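Peer 1: Quick note, the sequences are listed as chains A and B, same order. Heads up: the first sequence is residues 1 to 341, going by UniProt numbering. Heads up: the second sequence is residues 1 to 341, going by UniProt numbering.
Be aware that a few hints might be false.
[To be verified] Not everything, but these chain B residues come out facing chain A in the computed CB check (under 10 Å):
{"hint": "1", "residue": "GLN72"}
{"hint": "2", "residue": "ASP231"}
{"hint": "3", "residue": "ILE260"}
{"hint": "4", "residue": "VAL263"}
{"hint": "5", "residue": "ASN269"}
{"hint": "6", "residue": "LYS270"}
{"hint": "7", "residue": "GLN274"}
Read the hints as simulated data drawn from the structure, not as lab findings. A quick note: this is a predicted structure, and the numbers were derived from the prediction, not measured. Where is the CB? At the ideal position from N, CA and C, for every residue including glycine.
There are 2 protein chains.
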Amino acid sequence: MTITNRRVIFEKRPEGWVSEDCFRVEDAPVPELGDGDVLVRNIYMSVDPYMRGRMNDEKSYTAGFALGKVMQCGAVGEIAESRNPKFEAGQIVTGMLNWETHTVVPGGAGIVRIDPALAPLPYFLGILGMPGFTAWYGLLKIGEPKAGETVYVSAASGAVGQVVGQIAKLKGCRVVGSAGDDAKCKWCVEGCGFDACFNYKTVDSVEDALKQHCPHGIDIYFENVGGRMLDAVLTRLNPFSRIALCGMISQYNLKQPEGIHNVRSLLVNKVKLQGFIISDHFDLQPEFMRDVGGWLKDGKLTYRVDVADGIDNAPKAFIGMLKGENFGKQVVKLGDDPYQA
Amino acid sequence: MTITNRRVIFEKRPEGWVSEDCFRVEDAPVPELGDGDVLVRNIYMSVDPYMRGRMNDEKSYTAGFALGKVMQCGAVGEIAESRNPKFEAGQIVTGMLNWETHTVVPGGAGIVRIDPALAPLPYFLGILGMPGFTAWYGLLKIGEPKAGETVYVSAASGAVGQVVGQIAKLKGCRVVGSAGDDAKCKWCVEGCGFDACFNYKTVDSVEDALKQHCPHGIDIYFENVGGRMLDAVLTRLNPFSRIALCGMISQYNLKQPEGIHNVRSLLVNKVKLQGFIISDHFDLQPEFMRDVGGWLKDGKLTYRVDVADGIDNAPKAFIGMLKGENFGKQVVKLGDDPYQA
């Protein structure tokens with residue numbers, strides 16, 4: 001059996017906005033498996049905001065992507081071939097894989113089996129994966145919401161935001177979101193049960209919109225975007241409010257960050273701001289799965305996925321996600337999904 | 001006995017820098033005591049950075065100062081007359097009193113007796129008072145220092161900074177400070193045991209000075225000044241570092257705050273930033289007094305006080321403190337100190 005692997009190579013570092021010529025798509029042979037290795041046929045891959053940081057030649061959470069090499073990503077796939085007793089062909093796994101159709105996993109390290117009966121496969125890259133875990137941790141462990149408090153989340157319909165808002169509703173909070181599109185806002189309210197969601201691109205003033213929709217101020221801000229939005233939120237924070245600093249997607253493609261000016265609010269309102277990255281908290285993964293897996297099973301949570309088709313479209317899907325063109329968690333479908341409804 | 005009270009009236013709100021014409025000093029009769037009231041002859045009053053916020057016509061920690069009225073302050077005084085069974089003439093007390101030589105305290109509420117044998121009276125407005133409590137809380141409860149970590153404190157020789165640095169040394173940390181004067185820096189190192197202290201006004205670059213003196217990065221930043229200093233610190237923070245946001249004195253007299261640009265550091269370094277005001281934590285006051293009172297008694301801490309003389313000089317002392325002209329905790333002596341060595 002000869003298998004061709006189609007993969008995305010990191011070709012050029014972006015300056016400012018990422019463009020498609022930062023990537024090159026090519027075919028390559030799949031290398032021979034060694035003892036203990038497994039070959040994964042990738043079915044869905046995840047594109048995530050944090051990847052933008054890994055394209056820079058600077059320190060971020062994790063090591064940068066290597067120029068001229070295939071890029072990494074979270075993915076869900078099927079074991080195509082196994083020389084490892086822990087895996088059998090046909091099993092569904094997830095883990096840190098690559099932007100490619102087929103990945104050889106040395107020693108089977110870093111992938112785990114998942115139960116495809118639990119949820120649609122893309123969910124394991126979203127609500128049951130890193131974005132859902134991020135939402136759960138940031139809201140509950142940093143935000144510590146109490147019933148009746150106001151939670152505001154930016155990028156509200158995104159991979160993380162939609163989970164934040166729904167968990168906050170389960171905890172009895174008033175939930176306000178923002179997004180860059182009327183349809184997204186409508187879905188946050190009607191599909192996810194948010195109390196309000198506004199289009200930050202079309203309101204006259206974000207400050208006024210926050211005033212209108214958060215009449216009692218903001219107790220928890222789940223920060224996904226940064227920059228001017230953070231500055232506006234600072235004007236509406238309540239005493240003892242909390243900011244879960246998860247991401248700053250509005251800033252990642254700027255050559256100079258916008259910065260913030262209303263820093264004094266952090267002082268006079270005695271705010272706790274906590275930056276975090278979920279990979280530091282894997283010890284809590286079982287608790288997350290009990291909570292979010294349970295709520296999902298009980299029909300208390302919904303989740304929206306945006307599926308791009310084919311490895312050749314991965315760069316475009318990634319860039320679109322950075323621009324907010326996705327509606328829901330963005331994944332790329334790389335091959336047949338045997339569990340697709 | 002006719003007593004004249006000399007007091008400072010809040011005459012005019014400042015715009016930008018405070019000037020002496022924001023205040024008016026006047027004489028007034030001391031009103032008759034009612035049942036339960038006490039009259040305190042104030043001996044030392046405290047001038048503190050937070051007072052600048054109370055001069056604005058906006059929300060801050062506490063209610064603003066009322067125009068045309070006497071201003072409030074922490075003070076130490078002697079009971080001059082008591083119609084309250086809990087107090088006797090000659091006892092030394094501290095509490096929220098006023099910018100004046102004599103304060104009538106209705107019902108004796110809000111003042112507590114102190115033991116003048118413990119320490120010089122001005123210390124009760126400094127290391128044993130609100131600034132010391134602030135230093136202790138911010139460093140230990142927010143910063144949670146571990147031996148070997150690097151602690152950086154701005155306004156290092158000030159009312160709070162000198163205590164932060166000394167406690168951090170007791171906890172086994174590397175301690176670096178900054179101040180706006182070579183003599184202050186020298187004193188931080190030689191008098192307080194800091195590992196290093198630099199003059200932020202004369203170094204070529206604060207970033208480079210931090211790089212030089214914090215070669216392993218900063219684990220805890222005790223923030224007293226804000227603005228550009230905070231932005232520089234953000235470039236040197238270690239993963240999982242903590243910022244105790246105590247004050248931002250560099251910003252209080254600006255019409256527009258400088259803002260910060262290196263916000264992304266808070267995210268990628270997973271920083272905890274916590275704004276605080278010590279009046280929210282009075283439940284911990286006994287623990288603070290055990291710790292700091294004990295260290296002081298054991299000769300493990302020193303404290304430097306800068307004493308201005310006379311109520312007429314209170315506005316000038318306050319303005320000088322905002323400009324960093326004080327060397328150590330600034331107090332104003334208002335009358336005879338029977339315990340002065």
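Peer 1: Confirm or reject each hint.
Peer 2: Taking the hints in turn, this is what the structure says about them:
no.: 1; hint: GLN72; result: violated, 18 Å
no.: 2; hint: ASP231; result: holds, 8 Å
no.: 3; hint: ILE260; result: holds, 6 Å
no.: 4; hint: VAL263; result: holds, 6 Å
no.: 5; hint: ASN269; result: holds, 7 Å
no.: 6; hint: LYS270; result: holds, 5 Å
no.: 7; hint: GLN274; result: holds, 5 Å
Of the numbered hints listed earlier, the single one contradicted by the structure is hint 1.
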